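Protein sequences appear in the order of chains F and S. Counting in the numbering used here, the first sequence runs from 466 upward without gaps. Counting in the numbering used here, the second sequence runs from 8 upward without gaps.
Note that these hints are calculated values from the structure, not bench results. Owing to the predicted nature of the structure, the values given are computational and were not obtained by experimental measurement. Idealized CB from N, CA, C, for every residue including glycine. Mixed in with the good hints there might be a few duds.
[Unchecked claim] With beta-carbon atoms standing in for the labels, derived distance ranges: (1) S:361 - F:488: 33 to 39 Å; (2) F:638 - S:397: 49 to 55 Å; (3) S:214 - F:638: 54 to 60 Å; (4) S:397 - F:747: 41 to 47 Å; (5) F:535 - S:198: 48 to 54 Å.
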Amino acid sequence: MNRIATRAMAILILVLAMVAGLVFFLFDFLINGDKWVAFPGSPHVYYDSKASPVTLMDRDGQILSVLSGDRTYAQDEAVRKATLHWVGDRLGNISVPAVGYYSKEFVEYDPVNGVYKYGGTERNIQLTLSASLQAVALEAMGDYVGTVAVYNYQTGEILCAVTTPTYDPDNVPDIDGDLTGAYTGVYVNRFLQSKYIPGSIFKIVTLAAALETVPNIREQTFSCTGAYAVGSGEVTCESIHGRQSLKQAFANSCNCAFAQIVGQIGKDKLNYYVQQFGVTDAITFDGITTAAGNFDLTDAGPESVAWSGIGQYKDLVNPCGFLMFVGSIARNGVRYQPHVVSQVTIGSERTYSAKPESVEPIMSRATAEVLQEYMAYNVTYKYGAENFPGLTVCAKSGTGEVGGDRKPNAMFTGFVSDPAYPLAFMVAIEDGGYGARTCVPVISKVLQACKTAIDTQEVG
Amino acid sequence: MSQFVQIFTNAADTYLHVYIGIMRYLAPVLACILLLRCVKPLLTFRRQPEIWAWLCLEDGKKLPLTHWENVIGRSKRSDIVIDLPAVSKSHAVLTRYDDGSWTVTDAGSTSGVRVNGKQVDISALQPEDKIEIGGIRMTLTPISHRQEKRLAELRGADSGLFRNLVNVVLLSVFQLLCCVAFLLGSDSKTAASILGGFGGIFICQWVLFVFYMVIRRTSFEVETVAFFLCTMGMAAIAAVKPGEVAKQLVALLLGLGVFLLVGWSLRDLERAKKFRYLAAAAGLGFLVITLLFGKEYYGAKNWLVLGPLSIQPSELSKVCFVYAGASTMDRIVNKRNLFLFIAYSAAVCSCLALMNDFGTALIFFTAFLVIAFLRSGSVGTVTLACASLGFAGVVALKIAPHALRRFSAWRHVWENPLTTGYQQTRSLMCIASGGLLGLGAGQGWMKNMFAADSDVVFATLSEEWGILMAIMLVLSILALGLFAMRSAAVGRSSFYTIGACTAAGILLVQTILNVLGTVDVLPLTGVTFPFVSNGGSSMICSWGLLAFVKAADTRQNASFAVPLGKKRRDEDE
Chain F
466 MNRIATRAMA
476 ILILVLAMVA
486 GLVFFLFDFL
496 INGDKWVAFP
506 GSPHVYYDSK
516 ASPVTLMDRD
526 GQILSVLSGD
536 RTYAQDEAVR
546 KATLHWVGDR
556 LGNISVPAVG
566 YYSKEFVEYD
576 PVNGVYKYGG
586 TERNIQLTLS
596 ASLQAVALEA
606 MGDYVGTVAV
616 YNYQTGEILC
626 AVTTPTYDPD
636 NVPDIDGDLT
646 GAYTGVYVNR
656 FLQSKYIPGS
666 IFKIVTLAAA
676 LETVPNIREQ
686 TFSCTGAYAV
696 GSGEVTCESI
706 HGRQSLKQAF
716 ANSCNCAFAQ
726 IVGQIGKDKL
736 NYYVQQFGVT
746 DAITFDGITT
756 AAGNFDLTDA
766 GPESVAWSGI
776 GQYKDLVNPC
786 GFLMFVGSIA
796 RNGVRYQPHV
806 VSQVTIGSER
816 TYSAKPESVE
826 PIMSRATAEV
836 LQEYMAYNVT
846 YKYGAENFPG
856 LTVCAKSGTG
866 EVGGDRKPNA
876 MFTGFVSDPA
886 YPLAFMVAIE
896 DGGYGARTCV
906 PVISKVLQAC
916 KTAIDTQEVG
Chain S
8 MSQFVQIFTN
18 AADTYLHVYI
28 GIMRYLAPVL
38 ACILLLRCVK
48 PLLTFRRQPE
58 IWAWLCLEDG
68 KKLPLTHWEN
78 VIGRSKRSDI
88 VIDLPAVSKS
98 HAVLTRYDDG
108 SWTVTDAGST
118 SGVRVNGKQV
128 DISALQPEDK
138 IEIGGIRMTL
148 TPISHRQEKR
158 LAELRGADSG
168 LFRNLVNVVL
178 LSVFQLLCCV
188 AFLLGSDSKT
198 AASILGGFGG
208 IFICQWVLFV
218 FYMVIRRTSF
228 EVETVAFFLC
238 TMGMAAIAAV
248 KPGEVAKQLV
258 ALLLGLGVFL
268 LVGWSLRDLE
278 RAKKFRYLAA
288 AAGLGFLVIT
298 LLFGKEYYGA
308 KNWLVLGPLS
318 IQPSELSKVC
328 FVYAGASTMD
338 RIVNKRNLFL
348 FIAYSAAVCS
358 CLALMNDFGT
368 ALIFFTAFLV
378 IAFLRSGSVG
388 TVTLACASLG
398 FAGVVALKIA
408 PHALRRFSAW
418 RHVWENPLTT
428 GYQQTRSLMC
438 IASGGLLGLG
448 AGQGWMKNMF
458 AADSDVVFAT
468 LSEEWGILMA
478 IMLVLSILAL
488 GLFAMRSAAV
498 GRSSFYTIGA
508 CTAAGILLVQ
518 TILNVLGTVD
528 VLPLTGVTFP
538 FVSNGGSSMI
548 CSWGLLAFVK
558 AADTRQNASF
568 AVPLGKKRRD
578 EDE
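Chain F on its own, in the form it takes in the complex (with noise of 0.2 Å):
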């Protein structure tokens, strides 16, 4: 018996497991809890907070959503419909990381007490976006499905950008059941999360980088027969615009001159601009990373090059990540980061508050202008300025070839010139045809609510 005795204490290597596994995890819990407990979809901050109820607002306070219990939603359908893609549904297949990245400030995490509180204090979230100006866009956005940004390129707010398909969280379709494909993609932040072929918007890239590296582009001419032969095939463009001034062609968009264009920077120096300008990086802020997009000239040919500088061939876009390339060039060269929470208070305390945040200049001062006038002159001469009353605006359509018998992606970016309207814009219409002629009423519609908004010092 004294050997089973002995041999008993085998069980003290089981106990010493068990406390070894726990002391290790509660080690790791006093370590990382907080990081748990943020953690997007982390319960108790998303979908069922009781503790400590998050009031998600607009930038005129009105309620999008409170995170409590079973949530609530704003009163109208179509803000409704317009902000979920910004404060997340009820099962978290939306995420709202923006709200996740400010949750340690307000769920008030203690080891001792997780996110246990008795009584509320009231904590907001509040937005750059304006509730309106979403309902506005997604209105004029109809039946189309992309996306429709405003955002002020002085301060890096984001006002509106709304994403389509949506739906009313607080009568949620069929979705799963649905066949049409009326709901494909619909849990996307289209915005911040899609990539579309950018089309002849990246010509405003190409020409960044000419004005950038070519000494005197802008005395050149260019001749356009309808093709533009490179390498072993051609450029074509969809008609003869013949001889032309930079400023006409990229007015005409013309395809074979920004293919000579191409040409003349050279493969090596296109692909440098366009990482400079920063137009394919993924951009961070208020913990939403958006989706990096493409631009691959490792195995192309001259051919394949041209193509590149004209928005095809394998060039991807991110619709947020280009409007802040577009930005840049209303704010003379100086890019500002987006953001889209302006403040979080915790009863009335405020914990953070956004500050407009610039990062290093990407182009010349003298780009950036001759880019303003330029495309201030694409609406004179080609969108029609009567679109957009009262506002300079300086524009870009493209039309994003995507192969198959699917139409072309449409779409329209460009910025308000006036000082009184510093908005940089940016549509993205996914099948929709030709870019201005789709994108034109969408913007029109949008910057005219956001001029209205600003003229009666609702947004400011």
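Assemble the complex: chain F is given as a structure, and chain S must be docked to it using the hints.
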């Protein structure tokens, strides 16, 4: 009218929040006091060797026999060491029986055992019989009945009826407080089942306690700990699936039945030895039947559906396995028995592997290791067994994709928070959200999770009752394990010691896999937390295993699984 209802609801809401605010502190304190009171005697009981007989050598030396089973041999680890070349390492076993009689058994020695000059394999001993081992003659003198009585008094000194009564009252108060917390937060539909659930446990523990009093057993600590665990299990069910309260109560009743039955069968060692073969057959039989007629749920074919009942026979097999593995000293020294047991274990483990139930196979394997080590004491055997498990594990992972998925997620749950790491990340988020003190009964989110009341019940309880309370659940199981280990030193028969240690080993390993799997320290295996997890088979198995722990409780009048001293004979003295 609706206004009145609104006011009433608001008032109830306020009460609930005030109550929860208090309970967050009160519940852990109460549980802590209760556990300390229960665990202290389990871990500090008198463990001095008790002398049951004297072995008188020719030269007048008197050697004390301190166990009911004593190995005589040359080996230093024998109970009685006779260091002479003619004596084998393990030469003979002296065994005491309930009635105070003794036998001597030859343990396969080279020179044999003689009683009164006659070579014997096994022989009952009379007081004047001359035993001859390796040329040494000796006689065995049992202690007198008066001495026995004195021993019993010493043993019983630190165990008290009153102390246990207070414990049960404390537990009852704890249950009442838990119940009220849930009732305040419930609607009329769930109120009845919550009341029934906590009330059911309350009645069960008092009936058992009174039954113990009637049969003059005074120790209730082990049972109190088990009832405490059941109470917390009920708290998880009340939060997650209030509709399954009644089912769990029935399981508890069946579990108590098995507890008493196994305990009764262990009371008499001769009866237990006979039961052993029946249990071994049943254990394997359950598995074979499952293999033939079982149903597959979540990748493992371990369910048997009988009309409205669905049971996991592998849980019941665990109890049988402990029975099959336990053995008395006179058999242990004979190696053939161990090989038989190894073959039996291999059969059981292959059944489980065929069922795809690797979590359970791992538990059986641990039980096997404990038994094999206790019986052989050979580190080599155990190492070999572990190596073969490692090999089998690799093969198993290759065949079973769902098992491999779990392993690939292990320690990487935060990289796949929505897929393979979903259960663990939600568990950790909720545990942290609850903090040390918890969010309050019924206030958690874990109830929305799959298996919130079984596989990840640790997180569910941790979120609502706090990490402190969850740790106390683990400590409760640890205390049972340590108690089984400590009991070994004063164990009367190796049968009980092996049984208790194996049962404790199973309880510990299940707790380790369940708790550490939930918090991603180990891979999540879907093993139940003994007494706590919702599941009838698991509850029955837990109580069955507890009977083995209880049977090793040799404190005077402590265990119903240990017969009382013969009272009449005491009076004769």
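Given the hint of 54 to 60 Å, check if residue 214 (chain S) and residue 638 (chain F) actually sit that far apart at their C-beta atoms. Holds, since residue 214 (chain S) and residue 638 (chain F) (Cβ atoms, about 56 Å apart) stay within the stated range.
Consistency of beta-carbon spacing, residue 747 (chain F) to residue 397 (chain S), with hint 41 to 47 Å: holds (43 Å)
Residue 535 (chain F) and residue 198 (chain S), beta-carbon distance inside 48 to 54 Å? violated (22 Å)
Whether the CB-CB distance between residue 361 (chain S) and residue 488 (chain F) falls inside 33 to 39 Å: holds (37 Å)
Please check whether residue 638 (chain F) and residue 397 (chain S) have a Cβ separation lying inside 49 to 55 Å. holds (52 Å)
Against the hints set out earlier in the document, a violation occurs for number 5 only.
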